[in-house]
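**Q** Going line by line, the protein sequences match chains X and Y. Here the working numbering is used: the first residue of the first sequence is 1, the next is one more, and so on. Here the working numbering is used: the first residue of the second sequence is 1, the next is one more, and so on.
Everything labelled a hint here was simulated from the structure, so no lab data went into it. Where is the CB? At the ideal position from N, CA and C, for every residue including glycine.
Below, a list of computed lysine-lysine pairs in the DSBU-like style, where the Cα atoms sit at most 30 Å apart: (1) K190(X) x K11(Y); (2) K107(Y) x K90(X); (3) K107(Y) x K99(X); (4) K107(Y) x K55(X); (5) K36(Y) x K137(Y).
Which residues of chain X face chain Y? A few of them, derived with a C-beta cut under 10 Å, are: (6) M59; (7) P111; (8) Y112; (9) T114; (10) S116; (11) D118; (12) D168; (13) A173; (14) F209.
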Amino acid sequence: MLISKLKLLMLIILLLIVGVSFVTFTKQQYSADTRVFADIPDSLTSTIVVPGLIKTEFMDSPDGTETLTMERQEKGDKFRYSFFTSDTSKEAQQFIYTKELTLSYGQLSIPYNTWSPDNTYFFIKESTASQNNYYVFFASGENFSDYSQYLDIQRLFEEKIQGFTISDVTGWAAPTLLIINTQEQEGEQKVSFWFDVQTQSFTRLGTYFK
Amino acid sequence: MGRKHIYVNLKTQTLSAYYGDELFMETPISSGLWGKTPTGEFTIWIKLRSTTMSGGSGADYYNLPNVPYVMFFSNSKVPASRGFSMHGTYWHNNFGHPMSHGCINMKTTDVAKLYEWANPQTDGNTTHSSKTNPGTKITIYNGS
Chain X
1 MLISKLKLLM LIILLLIVGV SFVTFTKQQY SADTRVFADI PDSLTSTIVV PGLIKTEFMD
61 SPDGTETLTM ERQEKGDKFR YSFFTSDTSK EAQQFIYTKE LTLSYGQLSI PYNTWSPDNT
121 YFFIKESTAS QNNYYVFFAS GENFSDYSQY LDIQRLFEEK IQGFTISDVT GWAAPTLLII
181 NTQEQEGEQK VSFWFDVQTQ SFTRLGTYFK
Chain Y
1 MGRKHIYVNL KTQTLSAYYG DELFMETPIS SGLWGKTPTG EFTIWIKLRS TTMSGGSGAD
61 YYNLPNVPYV MFFSNSKVPA SRGFSMHGTY WHNNFGHPMS HGCINMKTTD VAKLYEWANP
121 QTDGNTTHSS KTNPGTKITI YNGS
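From just these sequences and the hints, can you work out the full model?
**A** Right under this line is the structure:
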């Protein structure tokens, strides 16, 4: 009798195993036509932009104690430019400015003569298809007296001087004076100006600073 | 073993630095306007990491602080007191054309390399040449 009961129990267990296996097996059989679609239309899918490597350029001050660093990082069709100042060990960097430009618009660069001779200021160049722009910053990152983060030399020149176009900013004549070379808009005369960073004024020079 | 020698061609406005026959550097410079840079054989007598340069008068007056990587040179006819030098430049980038009051203007990034290469071997911010640490020779000429 006991053996009969055991046989019956084993049969039941076997049937259960077969039954569960059957159910499991049939659930995994998908029709080739069955698909699961994401509930997001293709037009709204976001493109993941993988930022490129950061490329670094730097320029030391004339006395060798300070460094201006520019980091350039490609992000899709744009470049992000970031500027920092520090001592030449570059351990404690002061963030100054950042800007994103599309490749088609232009690029930023550090001119050779970027640093003012007393390390108070530096200027950077923005090269575009239509014109070059020049921006002056405090190396400390502080704002100018009108609370602006930087001085836009091109904009200030257009506001204050008529008849001439900036062709180049060559460097510093003195701790607060930038040399601006210009070309007559209607004519061939070349004229140099000093731009005084402190007063934001332009002084026409008697000779052209080649 | 070759010696270090610097050549400045005033006609081409080019500086060439050699170690023996091996070229170390060749780069455009700006010498003096109106023939103000002397020609001849010179020797570097002092190197200054940076210094203030001033001179001229009236409209020609200049006062430039922190002029970088200055190498003063002289000979028996052009004494040290005349103040001729090669140095970095933060006020113009018109190299390849005469620009200065007589000195050899160089792009700061170029002169930084030349400064470390040229003798006397750099020792601090001010390095005098001496018998044991002599200055590099410089030949300045009107080339072809």
